[in-house]
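The opening residue of the sequence shown carries number 216 in the working numbering; numbering runs sequentially from there.
Calculated directly from the structure, the hints in this document are not laboratory data. Computed from a prediction, not measured in an experiment: that's the story for all the values here. Check the hints yourself; a few may be wrong.
Cross-link-like lysine-lysine pairs, in silico, DSS-like; alpha carbons within 27 Å at most [to be verified]:
#1 K859 / K822
#2 K859 / K635
#3 K541 / K423
#4 K432 / K769
#5 K541 / K420
#6 K769 / K859
#7 K795 / K822
#8 K432 / K420
#9 K769 / K795
#10 K822 / K769
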Amino acid sequence: MRAQSKWRGLRAASIAVFAAAAFVMSLLVPSLADTPAQANPSAGFEAGNIIDDALFYDGTAWSAGQIQSFLDQRVPRCTIGDAGREAYAPYGNTTIAGACLKGSLWTTAPRPADSYCRAMAGATNESAASYIARVGAACGISPKVLLVMLEKEQSLVTDTWPTFRQYDFAMGAYCPDSGPGGSANCDPGRAGFPNQLYNGARLLKIYKAFPNSYNYKPFQSNRIQWHPNAGCGTSDVWIENWATAALYIYTPYRPNQAALNAGWGTGDACSSYGNRNFYNFYTTWFGSTHGITVDETFVNFYNEAGGVGGLYGRPLAAATHVGIGKMQEFAGGTLYWNPYAGIGSVNGAIRTLYNQMGGAWSALGYPMGREGYAHGGAVQQFERGTAYWTARTGASAVTGTIRGLYTQNGGPAGAFGFPKGVEKTQSGGLRQEFEGATAYWSPRTTAAAVSGDIRTMYHAARGANSEMGFPKSMARAQSGGLRIRTMYHAARGANSEMGFPKSMARAQSGGLRQEFEGATAYWSSRTGAAAVSGDIRAMYHAERGANSEMGFPKQAARSQSGGLRQEFEGATAYWSPRTKSAAAVSGDIRTMYHAARGANSEMGFPKSMARAQSGGLRAAAVSGDIRTMYHAARGANSEMGFPKSMARAQSGGLRQEFEGATAYWSPRTNVAAAVSGDIRALYHSLYGANGSLGFPLGPVTEQNGTRTQRFEGGSIVWTAQRGAEVQASAGRLLMSEPLPDAASPETEPGTESEPPAELDEQPAPETEDAARTEDETPLSNEAPAAAAE
């Protein structure tokens, strides 16, 4: 920030000359008395360390009396009132002030305490020296620094006839270089000497409190322009301390070599002078901007590391108290001490991360000992955490429960590898990335990590934000390694329905199983990784999961016919909102079901698991009126036994084979009935429904040992003495059961003689893959919705 008035531009050269003369006369800095007049005041300027923190933030460096004496020395005689310099006389676009800084009096407003400055009482007729001292003490900024800022911004310390413009923007606070041609663009609402002094000092403290909110940060490399004209280029500067960072934020340009070579003079077209002049004024008036001693607490530790030529280099600030301990900044690191952890240090990229996290007040606490090296990276222990650095991952830290989990799993030497950054909040919990895994913690679960295929699937499913929730356990390498991680991340991890993992992956049936909040993930070398959730998960676990005949899941659930379908090694699971339950089909029933187009067929979704009944044989399904009749006859427990095939079209109706009977239905009779035993044998020998008898009209009736079954074209009667015979509808005997040498077609028990080809309706062949039978739906004697058990 800078405020360059018209007055200042006209008189800049004379101010520089006056400042040099003032230096020669100064009696306050005896150490400089022997400095040759021709010495360059910019000699020794360090772009990365313009002034030590200890000097910059020493709010009580001078009293009001010392400041007044200094001001009197700078201006032995104020020339306001001389001819042409009358008080309050117009001068250009401003007005000559009523007094020089040393004699000015001000009404100062009270200031409440905040995070940057202590409370200040208001006053009337307060001298500038008194107010400078009070602001310095309240905000923790050295009065010497404030005096230099007043001089470099508006020449107020040495000016013998200042103007109101100079007082109004005395510190250049809130005066960005955004005016025409890079000129100062000052905020009128911040004008006035008391406002400028207080707000300028407060800004310097705000810069330290929020280093990540500004472009220039301490303890790391920063790219800084040479001049407001961006065409002059930039340079990289490693800023060594807070004070230097604050000066660059305040005046964001680095003096180039031409400016430094010029001393108080003018450099070239790309020279800037704000930070050069700060250095020049400070060293001219007060001596070196460096010269801090190592605190006695740290002397031995510091010397063991090589002293000023060692790891930590020269001190940048005096030691300060931090909580129950203390700290001291050095060029190469920061040393800490507290009565419990002893002495520890941070340096390099880990120091930058530590400061960003809040230093000793952060979740890490105080450092313990020096930085070490392990597994190709740097390691620094703290009271409540561990920080790491590698060229691959940069600086990172682990704390709390995730740190415990990380340590239990081998730290950087384990499957996790090095951490990548710090933990971040997610879905009410925490998430932290590692090279080989992602760790999670939530108050509902505990710390757990996902890796491999599970991690990919979990993240693809939105991880902890999904129905899976947080993981409840870690994954362990078993029978093929960590594949669950990959699947988990592919499903969007904790953002998916899976949520956060709740446990580690555990070995099961030659594979892995890992619990999540909203799902269970499985992996085997045969199937890869997949997760089950919702009602399918409940059913699967009730059937003993991977230990059951269902085996491991082969893929995630997919939508089908308004419900869900999920493939397993030995079964296919289904769920629909109509059945409100999950069930699986397996074995021959599964093959038959899929051949009939599964849930897309008239069979619809399965409503229960297959259950053992009367030693069942191969799979077939019954539906419609045949199903109703079959169940009324006690199904597989009846003489009909199990179905041997699906229902097939015949003579405009349906026929379905069972072990002990053949069931028929036709739209003409609208009746489902079964024929069995000798009656079935005779009926089939007469071409069954294709013959003259047509379809049965009902079940067998029995009276006095005689069994009768009615058909469309007659009846078949059976007695023990005569066997099965055909009767016309009036009761006349038409034909008896043929003898073995009869001319009628031979049949095997339970089969029907083939009628002429033109009478037989051939069924379409079955296929094993439901996906290939979309247009091969078996015929039914009623709509699927009418089927009921």
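Tell me if the straight-line CA distance from K432 to K769 falls inside 27 Å.
violated (52 Å)
Exercise for the section: Mind checking the alpha carbons of K541 and K423 for me, to see if they're no more than 27 Å apart? Expected result: Judged against 27 Å, a Cα distance of about 18 Å means the pair holds.
Practice task
Would you mind confirming whether the straight-line C-alpha gap from K859 to K635 stays at or under 27 Å?
Solution key: Judged against 27 Å, a Cα distance of about 62 Å means the pair is violated.
Holds or violated: K822 to K769, with C-alpha atoms at most 27 Å apart:
At roughly 22 Å apart (the allowed maximum being 27 Å), K769 and K822 satisfy the hint.
Pair hint outcome, K432 versus K420 [Cα-Cα no greater than 27 Å]: Measuring from Cα to Cα gives roughly 14 Å; hence the hint holds.
Has the given pair, K769 with K795, been kept, meaning a C-alpha gap of at most 27 Å? Judged against 27 Å, a Cα distance of about 23 Å means the pair holds.
* Asked: Does the alpha-carbon distance linking K859 and K822 stay inside the 27 Å limit?
  -> holds (21 Å)
- Decide if the proposed pair is consistent with the structure: K541 and K420, CA atoms, cutoff 27 Å inclusive. Given pair K541, K420 holds - Cα atoms ~20 Å apart, limit 27 Å.
Worksheet entry | Pairwise hint evaluation, K859 against K769, where the allowed Cα distance is 27 Å at most | violated (30 Å)
- prompt: Taken at face value, is the distance from the CA of K822 to the CA of K795 at most 27 Å?
  reply: Answer holds: K795 to K822 is near 9 Å, not above 27 Å.
Hints 2, 4, 6 from the list above are not met by this structure, while the remaining hints are.
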